[in-house]
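Chains as they are written, first to last, in the working numbering: chain A, 1 to 253; chain B, 1 to 359.
Worth flagging that the hints you see were computed from the coordinates, not collected in a lab.
Among these hints, one or two may not hold up.
Here are a few chain B residues that sit away from chain A, every Cβ distance over 12 Å (derived from the structure) [said to hold, decoys possible]:
{"no.": "1", "residue": "Val9"}
{"no.": "2", "residue": "Val133"}
{"no.": "3", "residue": "Gly159"}
Only pairs whose alpha carbons sit at most 25 Å apart, straight line, appear in this in silico SDA-like list of lysine to any residue [unchecked claim]:
{"no.": "4", "chain 1": "A", "residue 1": "Lys161", "chain 2": "B", "residue 2": "Ala229"}
{"no.": "5", "chain 1": "B", "residue 1": "Lys123", "chain 2": "A", "residue 2": "Ser49"}
{"no.": "6", "chain 1": "A", "residue 1": "Lys120", "chain 2": "B", "residue 2": "Ile12"}
{"no.": "7", "chain 1": "A", "residue 1": "Lys71", "chain 2": "A", "residue 2": "Lys120"}
Here are a few chain B residues that face chain A, going by a calculated C-beta distance under 7 Å [stated by the list, open to error]:
{"no.": "8", "residue": "Arg230"}
{"no.": "9", "residue": "Ser233"}
{"no.": "10", "residue": "Gly235"}
{"no.": "11", "residue": "Tyr236"}
{"no.": "12", "residue": "Asp237"}
Note that the coordinates shown come from a computational prediction; the quantities given were computed from them, not determined experimentally.
Glycine is no exception: its CB is placed at the ideal position from the N, C-alpha and C atoms.
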Amino acid sequence: MMGGDREAILQITSLRKSFGGVRAVDGVDLVLGCGELCCIIGPNGAGKSTLFQLLSGQILPTTGKIVFDGKDVTFAHPFERARSGIAVKVQSLGIFQDLTVDHNLRIPLMRRLSPREMPKAIDDLLRQVGLQGLNSVNARELSHGQKQWLALGMALAMRPKLLLLDEPTAGMSSEETRLTTEIIRASNAQGSAVVVIEHDMAFVRELRAPVIVLHLGRIFFRGTFSEVEENEEVRHLYLGTRNRFKSSDLPTR
Amino acid sequence: MLNWFSSVVRLINGEQEIGRSRGFWICAFAVAVGLIVLPRFVSAYALLNYSYIISMVFLALGLCLIWGFAGILSLGQAGYAYGVVGINLSQSGTTYLALIAGLMVPTLFAAVLSYVMFYARVKGVYVAIMMLVVTLLFETFLNQTAGPQWHIGVASLGGNNGLGRFSGAIHEPPSITLGLGSRLIEFSGQSVAFYYLEVGLLIAIYLCLRALVNSRFGLILAAIREDGARVESFGYDVRAIQLVVFCLGAALAALSGILYVSWGNFITPSVFGVTNNILPVIWVAVGGRKSLTATVISTVVLTWLSQRFAIQGEYAFVVMGALLVVVMMLRPEGLITSFGGRKTSASPPLSPGSSHDGR
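Chain A on its own, in the form it takes in the complex:
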């Protein structure tokens, strides 16, 4: 399904991470093609966040291999991964609250643009994430949704080959979620491969991307959203554990 005809941008081979005796990620294999979009879902404790941190370099795996864009980045430092084209949006926002919106965006932009090119690039990004005109506002004063979009804008500012998003719609209203979906789809259309880690099923449905279900650190199921919805075992997994997959989210046909 994934990584089919297109050249692979990300190849994960039997990735494992143990914390003491707990195998948080327990042998994940995954291939993502250039410009592909995929969602990783799973109940709490499935290993989603650990997998995300292994990819961003916040933590290092016990065994296994991560190849990004032809390079082995398994043990690469986070800044080296960023330089090779991985952008992340962490769950805890990851914006600089004490700085203005403008300065927040300057930080990722400065590495590839001259001061002269900066103002236009900033305005373009702000338009892309729906924050136009808010240049000189302190990041702290933005609404929660706006902060999420700023964080997304900062990741997009890197023109990444791979965008890693950890719960990009956490705490958003459904209207905000819809706008976020558009932003992500647009940046995917511009050529970034995207991996989204998500809880919110409405959002996953909206993204219309291939879905990987993680359970107990392993890939439990992969398929399209409707395949995931129709799968009895996945439904049981969600309904049986924490009710994340509300019955209202299930197809009613």
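With chain A held as given, fit chain B onto it using these hints.
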């Protein structure tokens, strides 16, 4: 030319620093003029005190710069380095070599220490603890150097009496002496020339640091203080940036050390002690750790106050400690930055060496 000038002005007057209004710059100019004419109106003794106060400002500025991701700074290394080299070489007249040693030794030491700390991912409060331990080690070591076997060249280390006249040594650390053509200019601690040297350095360094904090580099520093891990995720090698700033802070502390030694022509191991390490932290925290301007003002005011109180005995330290506690409780951003018109943030007070990513 004009273009270049206006971009420098814009850099100095950027938004990472308080005091950007016309009114501020008029006041700043008035203060500068005041500093220049001051020697005409005060006694030689008062001027000696003011020279001491100004020499401490550089240490505080260094600490302000590294605040949030590195610990404390000590002027001691520079003091001893300058002193030892100066004693050995001052016969030649000028003190250039001692100045170079005084600046280089602490800076290189900081480079090695910060390489070990930052590249080993030591973070937060542990950095401050390590720094404090290192300076206390210096103090302990130097305190036991009273015997005649402890000497470097003709400089005897003098145990807890330190370098200079208190240990009964023949040679004391020289005053800064520069050559101008065939003439030698000695900046003796009591002289007006020394005072002007300091005022000149203060103005130049203050403006340079303002430009630095408003540059791209300064923006990255502000971001690292808030969330270093996040800055890393944008492709910056935060360790290297921290190392550079830490060395810069150490160089500023070194300048304080050199000025301090050449001002009094002596130095004792107490400069490595707890009190002398914590006082600068109080100066910076009380004024406002996020601002160079606040740091300069509060260092001058608090050092001056300490000297007033010192006449009454050791009460100065009690007052300083109490002041720190009260300010941290009521105005965690610092007194001057709180009232200085800058939008304050609701973030909790930072101890030196702690940072938001220091989880």
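Grab the minimum C-beta distance from Arg230 (chain B) to chain A and call the hint holds if it beats 7 Å, violated otherwise. holds, 5 Å
Proposed proximity, Ser49 (chain A) with Lys123 (chain B) (alpha carbon, max 25 Å): holds, 23 Å
Does Gly159 (chain B) sit more than 12 Å from chain A, CB to CB? holds, 46 Å
Does the structure keep Lys71 (chain A) and Lys120 (chain A) at a Cα separation of 25 Å or less? violated, 33 Å
Distance restraint between Lys120 (chain A) and Ile12 (chain B), which requires alpha-carbon spacing of 25 Å or less: Holds: Lys120 (chain A) and Ile12 (chain B) sit about 24 Å apart, inside 25 Å.
Proposed interface contact between Asp237 (chain B) and chain A, which counts if any beta carbon pair is under 7 Å: Where the cut-off is 7 Å and the nearest Cβ of chain A is about 5 Å from Asp237 (chain B), the hint holds.
Supplied contact hint for Gly235 (chain B), tested at 7 Å Cβ to chain A: holds, 4 Å
Given pair status - Ala229 (chain B), Lys161 (chain A), alpha carbons within 25 Å: holds, 20 Å
Can we keep the Ser233 (chain B) interface hint, with Cβ of chain A closer than 7 Å? The hint holds - Ser233 (chain B) has a Cβ within 7 Å of chain A, the shortest such distance being about 5 Å.
Would the least Cβ to Cβ distance between Val133 (chain B) and chain A come out above 12 Å? holds, 28 Å
Would the stated hint for Tyr236 (chain B) survive a check requiring a Cβ distance to chain A of less than 7 Å? holds, 6 Å
Just checking, Val9 (chain B) versus chain A, shortest CB gap more than 12 Å? Nearest chain A Cβ is 16 Å from Val9 (chain B), so the label holds.
The structure shown violates just one earlier hint, number 7.
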